[in-house]
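Take the sequences, apply the hints, and build the full model.
Chains as they are written, first to last, in our numbering: chain A, 149 to 648; chain B, 149 to 648.
The hints are simulated quantities; they were obtained by calculation from the structure and are not laboratory data. Only true hints are included.
A pair counts as met if it fits within one copy or between any two copies, since identical chains are not told apart.
Distance condition first, Cα-Cα at most 30 Å in a straight line; then the derived DSSO-like pairs of lysine-lysine:
no.: 1; residue 1: 636; residue 2: 245
no.: 2; residue 1: 465; residue 2: 414
no.: 3; residue 1: 429; residue 2: 549
no.: 4; residue 1: 636; residue 2: 238
Just so we're clear, the structure is a prediction, and the values are computed from it rather than from any experiment.
There are 2 protein chains.
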Amino acid sequence: MVYLRPKKLDILGDKSALEVYLNRFTADQYGVKEGDLLDLYFVGHETGATALITDTIVDDGHIGIPAAIWNTYPVSELDRVAVELQGQAKSVASIRKKIKGEKLSYDEIREIMYDIAKRRLSPIEMTYFASTSYNPGFDDEEMYSLTKAMSDTGIILDFSSLGGFVVDKHSIGGLPSKGVTPVIVALMSKLGFIIPNTSTRGITSPAGTTDVLETLMPVSLSEADIKRVVAETRGCLAWGGGLELAPADDILIQIEKPLHIESYDKFVVSIIAKKIAAGCKYVLLDLPYGDTAKVSVADVAKVSKAFETLFAKFDIKVFVYKRQAKGPDGNGIGPILEARDLLWILERDKRRPIGMENLALDMAAQLIALTGKYNYQSAHEILRETLDSGEALRQFWKIGKSQGAKQIVKAEDLLPGHYTFEIKSTKAGLIKTYDNHIIVQITRALGAPYAKSAGIYLTRQVGDRINVGDVVATLYAEAQSRIDLAVKNLDGEQDGWILV
Amino acid sequence: MVYLRPKKLDILGDKSALEVYLNRFTADQYGVKEGDLLDLYFVGHETGATALITDTIVDDGHIGIPAAIWNTYPVSELDRVAVELQGQAKSVASIRKKIKGEKLSYDEIREIMYDIAKRRLSPIEMTYFASTSYNPGFDDEEMYSLTKAMSDTGIILDFSSLGGFVVDKHSIGGLPSKGVTPVIVALMSKLGFIIPNTSTRGITSPAGTTDVLETLMPVSLSEADIKRVVAETRGCLAWGGGLELAPADDILIQIEKPLHIESYDKFVVSIIAKKIAAGCKYVLLDLPYGDTAKVSVADVAKVSKAFETLFAKFDIKVFVYKRQAKGPDGNGIGPILEARDLLWILERDKRRPIGMENLALDMAAQLIALTGKYNYQSAHEILRETLDSGEALRQFWKIGKSQGAKQIVKAEDLLPGHYTFEIKSTKAGLIKTYDNHIIVQITRALGAPYAKSAGIYLTRQVGDRINVGDVVATLYAEAQSRIDLAVKNLDGEQDGWILV
Numbered sequence: 149m150v151y152l153r154p155k156k157l158d159i160l161g162d163k164s165a166l167e168v169y170l171n172r173f174t175a176d177q178y179g180v181k182e183g184d185l186l187d188l189y190f191v192g193h194e195t196g197a198t199a200l201i202t203d204t205i206v207d208d209g210h211i212g213i214p215a216a217i218w219n220t221y222p223v224s225e226l227d228r229v230a231v232e233l234q235g236q237a238k239s240v241a242s243i244r245k246k247i248k249g250e251k252l253s254y255d256e257i258r259e260i261m262y263d264i265a266k267r268r269l270s271p272i273e274m275t276y277f278a279s280t281s282y283n284p285g286f287d288d289e290e291m292y293s294l295t296k297a298m299s300d301t302g303i304i305l306d307f308s309s310l311g312g313f314v315v316d317k318h319s320i321g322g323l324p325s326k327g328v329t330p331v332i333v334a335l336m337s338k339l340g341f342i343i344p345n346t347s348t349r350g351i352t353s354p355a356g357t358t359d360v361l362e363t364l365m366p367v368s369l370s371e372a373d374i375k376r377v378v379a380e381t382r383g384c385l386a387w388g389g390g391l392e393l394a395p396a397d398d399i400l401i402q403i404e405k406p407l408h409i410e411s412y413d414k415f416v417v418s419i420i421a422k423k424i425a426a427g428c429k430y431v432l433l434d435l436p437y438g439d440t441a442k443v444s445v446a447d448v449a450k451v452s453k454a455f456e457t458l459f460a461k462f463d464i465k466v467f468v469y470k471r472q473a474k475g476p477d478g479n480g481i482g483p484i485l486e487a488r489d490l491l492w493i494l495e496r497d498k499r500r501p502i503g504m505e506n507l508a509l510d511m512a513a514q515l516i517a518l519t520g521k522y523n524y525q526s527a528h529e530i531l532r533e534t535l536d537s538g539e540a541l542r543q544f545w546k547i548g549k550s551q552g553a554k555q556i557v558k559a560e561d562l563l564p565g566h567y568t569f570e571i572k573s574t575k576a577g578l579i580k581t582y583d584n585h586i587i588v589q590i591t592r593a594l595g596a597p598y599a600k601s602a603g604i605y606l607t608r609q610v611g612d613r614i615n616v617g618d619v620v621a622t623l624y625a626e627a628q629s630r631i632d633l634a635v636k637n638l639d640g641e642q643d644g645w646i647l648v
Numbered sequence: 149m150v151y152l153r154p155k156k157l158d159i160l161g162d163k164s165a166l167e168v169y170l171n172r173f174t175a176d177q178y179g180v181k182e183g184d185l186l187d188l189y190f191v192g193h194e195t196g197a198t199a200l201i202t203d204t205i206v207d208d209g210h211i212g213i214p215a216a217i218w219n220t221y222p223v224s225e226l227d228r229v230a231v232e233l234q235g236q237a238k239s240v241a242s243i244r245k246k247i248k249g250e251k252l253s254y255d256e257i258r259e260i261m262y263d264i265a266k267r268r269l270s271p272i273e274m275t276y277f278a279s280t281s282y283n284p285g286f287d288d289e290e291m292y293s294l295t296k297a298m299s300d301t302g303i304i305l306d307f308s309s310l311g312g313f314v315v316d317k318h319s320i321g322g323l324p325s326k327g328v329t330p331v332i333v334a335l336m337s338k339l340g341f342i343i344p345n346t347s348t349r350g351i352t353s354p355a356g357t358t359d360v361l362e363t364l365m366p367v368s369l370s371e372a373d374i375k376r377v378v379a380e381t382r383g384c385l386a387w388g389g390g391l392e393l394a395p396a397d398d399i400l401i402q403i404e405k406p407l408h409i410e411s412y413d414k415f416v417v418s419i420i421a422k423k424i425a426a427g428c429k430y431v432l433l434d435l436p437y438g439d440t441a442k443v444s445v446a447d448v449a450k451v452s453k454a455f456e457t458l459f460a461k462f463d464i465k466v467f468v469y470k471r472q473a474k475g476p477d478g479n480g481i482g483p484i485l486e487a488r489d490l491l492w493i494l495e496r497d498k499r500r501p502i503g504m505e506n507l508a509l510d511m512a513a514q515l516i517a518l519t520g521k522y523n524y525q526s527a528h529e530i531l532r533e534t535l536d537s538g539e540a541l542r543q544f545w546k547i548g549k550s551q552g553a554k555q556i557v558k559a560e561d562l563l564p565g566h567y568t569f570e571i572k573s574t575k576a577g578l579i580k581t582y583d584n585h586i587i588v589q590i591t592r593a594l595g596a597p598y599a600k601s602a603g604i605y606l607t608r609q610v611g612d613r614i615n616v617g618d619v620v621a622t623l624y625a626e627a628q629s630r631i632d633l634a635v636k637n638l639d640g641e642q643d644g645w646i647l648v
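Pasting the structure below:
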């Protein structure tokens with residue numbers, strides 16, 4: 149164990165493998181080579197990191213700490229960091245075993261999850277592990293072990309002292325337009341259910357629920373904040389990425405991003421581990437399927453069954469909400485446009501997306517029926533009343549204020565990007581479906597989710613009749629170059645993503 | 149395409165994924181985000197690299213180039229580097245396809261190899277590809293495509309204009325002690341065969357042939373150097389790592405290191421691709437097998453067959469030299485100790501390892517018989533004469549001089565580490581075998597291959613009778629702390645690696 153002076157570097161650093169810089173002289177003195185795994189001890193925290201060697205970036209006796217680390221741990225240039233040279237993480241042997249086709253025990257899987265959570269595995273080592281979820285795959289017992297280990301190696305929230313049913317709604321994702329969850333959280337918490345919702349930023353989608361919500365209120369809450377907000381309001385709308393709920397999952401997601409694929413096994417495990425960590429006992433799982441969704445029609449029964457089996461093993465009641473994905477749930481796609489849609493629903497504005505509103509009410513009613521507090525019919529009536537009376541809107545902003553929102557934002561204050569382009573139909577007929585992949589591609593070309601006001605606004609929905617020349621959608625961006633890029637992406641076929 | 153001023157950074161950088169630093173302002177201006185893939189164009193060269201964003205390491209308009217790049221490409225701070233933003237490499241779609249269990253065509257595999265060679269794939273993307281060699285694996289046609297694509301995407305040497313048989317000896321590796329190849333190269337080239345040998349540094353072993361040879365002569369040769377040395381001497385003893393022979397293989401090896409495993413499929417492909425690239429037509433493939441070797445007794449027939457089948461498809465004649473691995477071939481393990489062993493053989497010193505000498509003569513005779521120039525018996529006689537007469541020694545140094553050796557080194561000039569420790573036997577009996585894994589572990593603890601004079605010298609060989617208290621081996625190191633570390637690694641059981 150050696151003690152080095154930390155130097156904060158302005159480099160962000162790798163997000164999946166934390167890296168630190170040592171001066172060559174320091175490294176030689178302690179026998180550290182480029183790429184060696186180190187354990188670092190900050191005040192009350194420890195993490196693994198990979199050693200990089202430099203002659204100039206840090207001086208002898210110092211350790212260079214990129215932002216990915218000092219944003220996460222309490223690094224002070226006044227303290228010393230204790231540094232210990234580690235060999236290769238022991239769990240690498242288990243990864244090797246799995247690659248060779250053997251089964252892993254709970255203890256072996258837990259060690260892998262622990263080492264991932266403690267940043268003791270390199271991206272390459274984690275990728276080998278991630279690859280085994282495709283081939284050779286995991287059996288039921290391993291799936292159970294993975295889920296348990298993934299939640300066990302982080303913090304586990306417990307809201308049982310508050311009384312009442314702890315519920316949540318979660319979507320497997322893959323569809324643009326994210327207003328449903330916030331509406332459900334406002335409704336359910338107003339009706340006395342405890343709903344500690346955590347969401348993510350968009351990885352492959354035009355905007356994650358987190359990207360949408362943060363146009364309205366702070367969402368980056370600590371564990372203590374979440375406990376306080378839920379105690380005050382019975383709900384929360386937090387970003388899950390800053391928390392230590394099933395942390396191995398968040399790290400593994402970085403490894404899945406480059407290929408834009410996630411095995412069914414892996415997302416079943418991820419979602420259930422997060423719900424265990426959040427202390428949920430009743431979950432409505434939104435499972436959209438279809439040609440341009442994450443799950444195909446052929447696989448929906450299998451995936452649904454996998455969720456039901458594994459949730460049951462952890463004593464969590466689940467309602468799997470299977471539905472065919474024909475296009476976005478709302479009209480807006482992109483952070484500001486989606487936030488406007490959801491506020492329009494809560495504000496009872498006539499421009500609100502009715503399809504999305506019905507979906508939110510139906511899902512919430514199913515979730516209530518699952519708890520047994522009311523049957524579906526009664527639940528639906530109560531929910532509609534809560535929405536129509538404006539109580540859901542007040543509840544939404546109660547949560548917002550509790551999370552730190554300075555003021556109530558009105559839908560009319562939310563302005564989409566200044567630069568626009570209208571998509572006109574070249575065909576006539578009934579809109580059967582939208583191609584989600586192309587919607588995602590265009591919206592990202594427009595700059596979402598980084599450019600908050602970029603996105604698409606659909607003026608026609610699935611089921612609407614269109615004629616040649618009708619405006620079907622408007623593109624919004626913060627710069628003309630982004631509009632040009634999106635139009636270039638459409639490649640001359642501007643309405644090829646609308647199937648009539 | 150933008151033109152930026154290169155700034156050489158003292159950071160080595162990641163070896164498997166080249167990375168460059170852009171100032172945040174420059175990056176924003178050109179729409180480059182952290183982690184984006186860039187194509188870089190230097191004078192006459194191009195490579196892919198990943199973008200990292202910084203506020204201070206480089207100024208606006210500059211591009212920070214780590215040593216891993218400027219050591220490889222002609223980066224001059226007087227020139228500009230042309231930089232182009234790339235999307236994700238197209239071959240990622242093929243990797244995804246393979247993960248999903250589909251077969252890949254030659255064109256798809258070639259694109260993957262090309263993108264790897266051009267540094268267009270990230271370590272994570274490459275790891276997913278590497279994982280498919282275990283599960284689901286490759287069929288015969290894919291194995292052929294992989295081998296062809298791996299050699300096709302680099303330079304291919306051609307020595308046919310020199311006349312004579314182009315031969316080589318190659319070991320699948322995994323055994324400590326590397327003197328056999330240099331002895332064979334000296335013998336074969338002296339007898340008129342063309343033997344353009346390339347070797348590697350030790351990755352998991354105590355010393356690679358390259359580590360041993362560079363204690364005696366320069367081994368880091370360019371393509372032009374190799375052509376000149378082979379024209380002058382008919383042989384060479386070059387380090388393969390600096391060349392563009394099947395470059396995708398060298399990059400993939402970085403991805404295999406962390407797990408210390410390599411699938412059979414993968415090493416068969418690697419070795420054959422390198423031999424095609426080196427222009428070889430006759431190959432002796434050394435295939436040691438056993439409990440502590442790379443290949444187990446159970447698998448030796450399968451692996452041997454895989455080599456024979458695939459070599460035949462490329463019209464290269466192969467002799468697979470199957471042999472049971474009972475311990476190191478020589479007495480010395482570690483760069484200096486192995487170099488001393490091989491010089492003792494060439495110098496006809498009575499302390500030379502006779503087992504290693506016999507192995508070199510037998511392999512060389514088999515290789516000659518494979519070409520049909522002489523039968524095994526005659527070849528063996530000629531080889532022994534060439535060795536006994538000192539002609540092999542003179543030929544070895546002819547190659548050494550041609551590669552740039554300033555002077556002829558004598559075995560007596562090679563001194564092992566000053567700090568020593570004797571391993572005494574605690575048992576009596578006939579030595580049946582040595583555990584290679586433990587030998588590797590001790591030698592690395594002693595500091596090899598970085599500490600050239602560190603290593604183990606075995607005073608007893610497999611087949612020797614020992615008594616309690618006999619000195620079986622001596623450990624050498626450059627510091628007492630390294631001796632202590634090795635002894636600690638032995639964990640009280642100092643001769644547990646010697647099976648009697």
